[in-house]
Amino acid sequence: MSSEPLLRVENLKTQFFTDAGTVRAVDGISFEVYEGEIVGLVGESGAGKSVASMSLLRLVERPGEIVGGEVTYKGETVFGLEEGPDGELREREEMLSNEAVRERIRGNEIAVIFQDPMESLNPVFTVGGQLREVIELNRGLSKEAARAEAIEMLREVGIPDPEERYEEYPHQFSGGMRQRVLIAMALACEPSLIVADEPTTALDVTVEGQIIDLVDELQAKYDTSFIWVTHDMGVVAEICDRVNVMYLGEIVEQAPVDELFHDTKHPYTRALLNSMPRPDRTVAELEPIEGVMPEAISPPSGCRFHPRCPDAREVCRRVHPEPEEVARADSHPHNAACLKHDAFDVGYDGSAPLEGDPRTTAGGSGGEGGE
Amino acid sequence: MGLLRYTGYRLLQAIPVLIGISVITFLLANLGPGDPVSLMLHGQEHDQELIRAIEQRYGLDKPLHERYVTYMSGLFRGDLGQSIHHNRPVADLMLDRIGPTLLLVLSAYAFALVTAIPLGVLAAKRRNEPTDHVSRLVALFGVSTPSFWIGIVLILIFAVTLGWFPSSGLIYPWRPPSTYRSIDGHLELYYESFRHLLLPMIALGTLQMATIMRVERTQMIESLQGEYVKLARAYGVSERTILRKHAFQVAQLPIITIVGLNLSTAIGGAVLIETVFNINGMGRLFINAISQNDYQLVMGITMMLGTLFVVGVIITDISYAYIDPRVTYGETD
Ligand code: SF4
Numbered sequence: 001m002s003s004e005p006l007l008r009v010e011n012l013k014t015q016f017f018t019d020a021g022t023v024r025a026v027d028g029i030s031f032e033v034y035e036g037e038i039v040g041l042v043g044e045s046g047a048g049k050s051v052a053s054m055s056l057l058r059l060v061e062r063p064g065e066i067v068g069g070e071v072t073y074k075g076e077t078v079f080g081l082e083e084g085p086d087g088e089l090r091e092r093e094e095m096l097s098n099e100a101v102r103e104r105i106r107g108n109e110i111a112v113i114f115q116d117p118m119e120s121l122n123p124v125f126t127v128g129g130q131l132r133e134v135i136e137l138n139r140g141l142s143k144e145a146a147r148a149e150a151i152e153m154l155r156e157v158g159i160p161d162p163e164e165r166y167e168e169y170p171h172q173f174s175g176g177m178r179q180r181v182l183i184a185m186a187l188a189c190e191p192s193l194i195v196a197d198e199p200t201t202a203l204d205v206t207v208e209g210q211i212i213d214l215v216d217e218l219q220a221k222y223d224t225s226f227i228w229v230t231h232d233m234g235v236v237a238e239i240c241d242r243v244n245v246m247y248l249g250e251i252v253e254q255a256p257v258d259e260l261f262h263d264t265k266h267p268y269t270r271a272l273l274n275s276m277p278r279p280d281r282t283v284a285e286l287e288p289i290e291g292v293m294p295e296a297i298s299p300p301s302g303c304r305f306h307p308r309c310p311d312a313r314e315v316c317r318r319v320h321p322e323p324e325e326v327a328r329a330d331s332h333p334h335n336a337a338c339l340k341h342d343a344f345d346v347g348y349d350g351s352a353p354l355e356g357d358p359r360t361t362a363g364g365s366g367g368e369g370g371e
Numbered sequence: 001m002g003l004l005r006y007t008g009y010r011l012l013q014a015i016p017v018l019i020g021i022s023v024i025t026f027l028l029a030n031l032g033p034g035d036p037v038s039l040m041l042h043g044q045e046h047d048q049e050l051i052r053a054i055e056q057r058y059g060l061d062k063p064l065h066e067r068y069v070t071y072m073s074g075l076f077r078g079d080l081g082q083s084i085h086h087n088r089p090v091a092d093l094m095l096d097r098i099g100p101t102l103l104l105v106l107s108a109y110a111f112a113l114v115t116a117i118p119l120g121v122l123a124a125k126r127r128n129e130p131t132d133h134v135s136r137l138v139a140l141f142g143v144s145t146p147s148f149w150i151g152i153v154l155i156l157i158f159a160v161t162l163g164w165f166p167s168s169g170l171i172y173p174w175r176p177p178s179t180y181r182s183i184d185g186h187l188e189l190y191y192e193s194f195r196h197l198l199l200p201m202i203a204l205g206t207l208q209m210a211t212i213m214r215v216e217r218t219q220m221i222e223s224l225q226g227e228y229v230k231l232a233r234a235y236g237v238s239e240r241t242i243l244r245k246h247a248f249q250v251a252q253l254p255i256i257t258i259v260g261l262n263l264s265t266a267i268g269g270a271v272l273i274e275t276v277f278n279i280n281g282m283g284r285l286f287i288n289a290i291s292q293n294d295y296q297l298v299m300g301i302t303m304m305l306g307t308l309f310v311v312g313v314i315i316t317d318i319s320y321a322y323i324d325p326r327v328t329y330g331e332t333d
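Residue numbers (the UniProt record's numbering), protein chains in the order written: chain A, 1 to 371; chain B, 1 to 333.
Hints listed in this document are in silico derivations from the structure and should not be mistaken for laboratory results. Some clues are possibly wrong.
[As the list claims (entries may be wrong)] Among chain B residues calculated to face chain A with C-beta under 7 Å, some are:
hint	residue
1	Tyr228
2	Leu231
3	Gly236
4	Arg240
5	Arg244
6	His246
7	Gln249
8	Pro254
9	Ile256
10	Gly260
[What the hints assert, rightly or not] Restraint ranges, calculated between C-beta atoms of paired labels, are given here:
hint	chain 1	residue 1	chain 2	residue 2	range
11	B	Arg175	A	Gly140	51 to 61 Å
12	A	Ser301	B	Pro254	25 to 35 Å
13	B	Pro254	A	Ala20	39 to 49 Å
14	A	Arg90	B	Thr161	52 to 62 Å
Computed from a predicted structure; not experimentally measured. C-beta: ideal position from N, C-alpha, C; glycine also.
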């Protein structure tokens, strides 16, 4: 694509410094979001999706810290380090200050829809009051104007009798209705980008469908870009334009959604797709991914997926693949971090299949090998 | 509307509790050891006629249940009986003495809240930093040190050694200044009143302060980790507003409970503090009544303490319902 992306993330690293050691929750991810598109961030829980999305707003809580990389939004440096004269990393001069990020970016430029609609609203303030506060703050409106806008947004997200509901407290709303309130809050700030962090995970399937339809509709109307964080490939298929698949803090595959589904390049993505319930498959045909995701505190050597990968070979244990462009689709690259592709010239084909690796759990078919 | 009805509902609920308190108090006072009549007679214990006369006068010759009914019907008319020792109506005695005790307890609470809440919030904000450790030590001291000991130490330091504050008695701000010989004008009255109140107030309030401070800290830490705080941050709300409004409001709910339920502890503490500081309050009246076997007076004060406790619980519940929107008003709502 020729135009500048709305958001560019380069080699972003976020780590948590715990007593047990350093957790590399986000370990050098790069992706872009263009205007008007919905970009998926997919992976199992613990892959680092939420930490990654919060890092974009510099909202990582202690003991977590963004330790490297660059986040550029509309040409402004939200985060960026450079090497100082003493060889130490320091913040770049043009990097926005904490105050600037808080006042100019959070809410009014990048808004978040949180995962847990039950806990994300403050129980002791009215729904309307909370909406109004956020609108006042991010749109610079007066109290009355913000109130009118809040009621309008409640109507927009399909909450009946918004004037009355405005005065009610969160506990008087159902889960689905609360999620609508959170969506209203995000849209009311008129941001260019909305980060939706597993917004439907806590909801039942029917409500989930309604919420996704609602977001689809509103996204088309407001032309807001989205980063959609989820573990659910089904949701990705329904809503995303482009997808980033995360595994243990890394993006292992990146492609437009159709391309990803039809020409899957990474074994982990394939495993995710195979484990996804689909109408044309019985439960018995579902293939759960083998083993559990290792801790990000001590990631496996080489390719981090190798203990669970059905295609793993000896070389996978030694060489760590960085994402490479392995195909192109719709003028977007299709990147994958898997050594079996020709773009990685490290002798995968000549390498012996991995067998009997102690890290492979449950049945251990980890060694069929071959393309 | 819901709140009003809820209040009425809670008050109705209190009636059986109060009746229970009255029965137990009555039984304890009348069946307990010590015989008020022989105490009154001072060595004339063998004059059977005199004994009968006194028993008749105070209704002690009647069976227990009849005496209870008489007592209760008096209670409804505000008649708590006659103090044997003081030879005055119990209600009058109590009215005379409740002012100082209320003044002491309420100011101790005011002191506790005004110091504990900001300190608790600060400790939560600076969690595991020196401020937090110091506040933990202060709280530990406050919880584990008896109030009368604090009172004695305060007297030794600030009254005896430094002479900054008086060591005994209270000046009552509601009395006309002319009551006190050395005071002219209201301003001086209030000033003197405060000077007299300060030490006993701190002595009595320290325990409450320590308790409230620790709960405030815990609640604030929990509240600051709430999802709604994350949301507020993500929408650019300043840390100051989050601390003072978003997290704070949620954290105050348990404080109300503590204040309400600790009311009886505070009044119990007041008994000792009144003794240490020589304050003529309800506490001293109570202690003397017990040692003098003045069972009418003991009963009256016990009834009042029981009622205060019940009222405290009701006020707690109601303010909880008022502040926390999640509390529903019983089945009526
Ligand atoms: S690099 Fe090797 S282990 Fe990793 S995904 Fe590709 S085949 Fe599997």
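Q: Provide an ascending list of the numbers of those earlier hints which the structure does not satisfy.
A: 4, 5, 8, 9, 10, 12 and 13
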